[in-house]
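Participant: Could you build the full structure based on these sequences and the hints that come with them?
Here's the letter readout for the chains.
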Amino acid sequence: MTLLTRLAAGGALSLALIGSGRAGAIESSEREIKAAFVYNFAKYVKWPDPVAGPTSGDPLQICVVGSSPFIGELETAVSGKQVNGRQVVARSVRYPTEAQTCAIAFVSGSELSRVDSIVQQLGSRPILTVSDMPSFTAHGGVIGLRMEQNRVRFEVNMDAARKAGLKLSSQLLKVAVQITGQLEEPRRP
Amino acid sequence: MVTLGKSIRARLTVMSALSSSLALLLACSAFLSYELLGYRRSLVKDLTRSAEVLAFNLTSPLLFEDPGAAKTLLEALRVDSRIRSARLTRANGQAFAVYPQGIEGQSPRIAPLSDPGDGVMLAVPVESDGTRLGTLTLQAGLDEQSVRVRQYLLLTAAVLLASIVAAVGVAAWLQRRISQPIVRLTEAAGLVSRRQDYSVRVEESADGELGILAHAFNTMLSRIEAQSTELKHAVRMRDEFLTIASHELKTPLTPLQLQIQTLMREAQRDRAAGVMRRTELIDRQVHRLAKLVDDLLDLSRLSNRKIDLSVEVLDLSTVVSSIAEQFQSQAQRTGSSLTVVAPYPVVGQWDRARLEQVIVNLISNALKYGAGKPVSVEVLQQGDVGTVIVRDAGIGIGREDLGRIFNRFERAVSERHYGGFGLGLWIVREIVQSMGGTIRVASTLGEGSQFEIELPREPTPTGDSELRGSTPPGAADLDLSSGP
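Sequence lines, in order, name chains A and B.
All residue numbers for the first sequence refer to the numbering used here, where the first residue is 1 and numbers rise by one.
All residue numbers for the second sequence refer to the numbering used here, where the first residue is 1001 and numbers rise by one.
Some hints here could point you the wrong way.
[Stated by the list, open to error] Part of the chain A face toward chain B, derived, beta carbon under 10 angstroms: (1) F41; (2) K43; (3) K46; (4) K81; (5) K174; (6) A176; (7) V177; (8) I179.
Don't read these hints as lab results, they were simulated from the structure.
Since the model is a prediction, treat every value here as computed from it, not as a measurement.
We treat Cβ as the ideally placed atom computed from N, Cα and C, and that holds for glycine.
Facilitator: Okay, here's the thing in structure tokens:
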């Protein structure tokens, strides 16, 4: 059973595991779900061409910035997967400067103190910044993951997406719990 | 006039209404069948399209674990009244979202496509990049179809009504085109048969068979009219000839009769028995000749409808008795007994000469056809009517001949055995009718005849003696029911 189908099978699984009280398993399961979310975001984001490499044939890179065990779950989630005919790969980077060719940058919770600097470095590039740290979108990140009633939910910062030159699908916005910023490009006289 | 139930117009109306209704019903049945068959097909098509669009949209709620968003999407199905329920299940069969709210408890039935009679059930997969995330199941009812069928039937009924109205209109138009010429022909034919007016013509405006019919009708009338004119001319010629001939014949007869009377007186005086006998013989023959000529004269007079009656007060019994007296010698010669029953005077106002002519005719007929058998004459008064009944026990008249004995030149027996022109009874009837009276005959072949005349005692101011001559032949007042 792939992670995706497991995820599709449901929040019920995660709830059951949470209910079991085994903390390590809970965190692992939560990371699995978040990894699936991050992979799925790729399906609903349109990057300005070409983002992640000189040719469209290049693999679409999802990078984890900072030190985090999350890379393990992400590698499992994207293993053998494609988005729009492009292979998806997971990569771990130490510094934001190494994330220039990434399509999605997941900022680990360990980088909380440097978040503003990271966002500043990556924010003007066509990179979808995602993090599960609190108030990530308030810091200028595009998508922030959060837990709500034991479910993984996410919020979107439209201004940040626009600054990065990303177009987010309405399908994605439909399931977001909170959207900040202007939905549409401000009209210029 | 023709009755509506059988008139051509009514038939045309019924025919056109029936044919248009039939055509319409057939067409409507065909459309309805198509509708019934096509509705389910188009419903499945619509439903599949809706389900596929919805399944695409339901991908992100399934991927991002958002049943609320899925419910909101399913709620959008509200705009399609045909859809009764929808259910989104995960790949493992677990329910994710349902529409309408509150049917979570029901077990999901997932089938590729099934028709449970009253509706359609359809299931489509929800996929993302070739991976099946779940299944969307839609269920739609056929309620709308029955509504549509009902509307269809209503529309059919309305159109049917309109077509019947139109058919009546068409029939009215056809009536002018078809039945009007026929009605005109019918009316013309009725006019011809009623008035015998052959100058009637119908308009030959119609085309086709009706035009041919009208033309043939007119041609036929023209021929009949020509023949009728010719016939009338021939009859007039005959009557003129009869008038002239009878006058010419009568002229030498009167002096001849006077000479015979003189001769008879001289023979009696000279006691020349031989001469006397021969003279009497000549006298009888001359009388007979005079009678024939008189009949011919009457014929021409009556044919021209000229009977002048000069009435006076008479006793019918006396008149009948005196005439019978004159016939006694003839009765003796033929071996008949002639009895008169006239017990009381029957007084009235009649034309003596014409009355005598009637009685003479009836008695001489009775003696002629009842020779050797008793003849009786009875005179009665019945209220305002004087009645004379003449009975004989002679050869009688056959039932089939009774109707024509009062016609001119008709007789019930061959002229070889019984002489005369066959004018006697016709003259009698004409005179009796001109007096306002009636004549009846009852007879049995081989047993004898009974003639009964009834004459009003006061002259009836009918003035229709002029019209009597036109009474159709054989229309005499016959009493055929009472045989002797």
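Participant: Should the hint that K43(A) touches chain B count as held when the rule is a Cβ pair under 10 angstroms?
Facilitator: For K43(A), the interface hint holds, since the closest Cβ of chain B sits about 7 angstroms away, which is under 10 angstroms.
Participant: Restraint: I179(A) near chain B, CB-CB cut 10 angstroms. Satisfied or not?
Facilitator: violated (13 angstroms)
Participant: Given a cut of 10 angstroms on the nearest C-beta pair, is the interface hint for V177(A) held or broken against chain B?
Facilitator: With Cβ-Cβ at 9 angstroms, under 10 angstroms, it holds.
Participant: Please verify that hint: A176(A), Cβ, nearest Cβ of chain B, below 10 angstroms or not.
Facilitator: With a minimum Cβ separation of about 8 angstroms from chain B (threshold 10 angstroms), the hint on A176(A) holds.
Participant: The hint names F41(A) as touching chain B; please verify it with the least Cβ-Cβ distance against 10 angstroms.
Facilitator: With Cβ-Cβ at 9 angstroms, under 10 angstroms, it holds.
Participant: Under 10 angstroms is the threshold here; is the Cβ of K81(A) close enough to any Cβ of chain B for the hint to stand?
Facilitator: Interface hint status for K81(A): holds (7 angstroms vs cutoff 10 angstroms).
Participant: Against chain B, run the beta carbon of K46(A) and see if the smallest gap drops under 10 angstroms.
Facilitator: violated (15 angstroms)
Participant: Holds or violated: K174(A) as interface residue toward chain B, Cβ cutoff 10 angstroms?
Facilitator: holds (5 angstroms)
Violated hints, in rising order: 3 and 8; the structure is consistent with all others.
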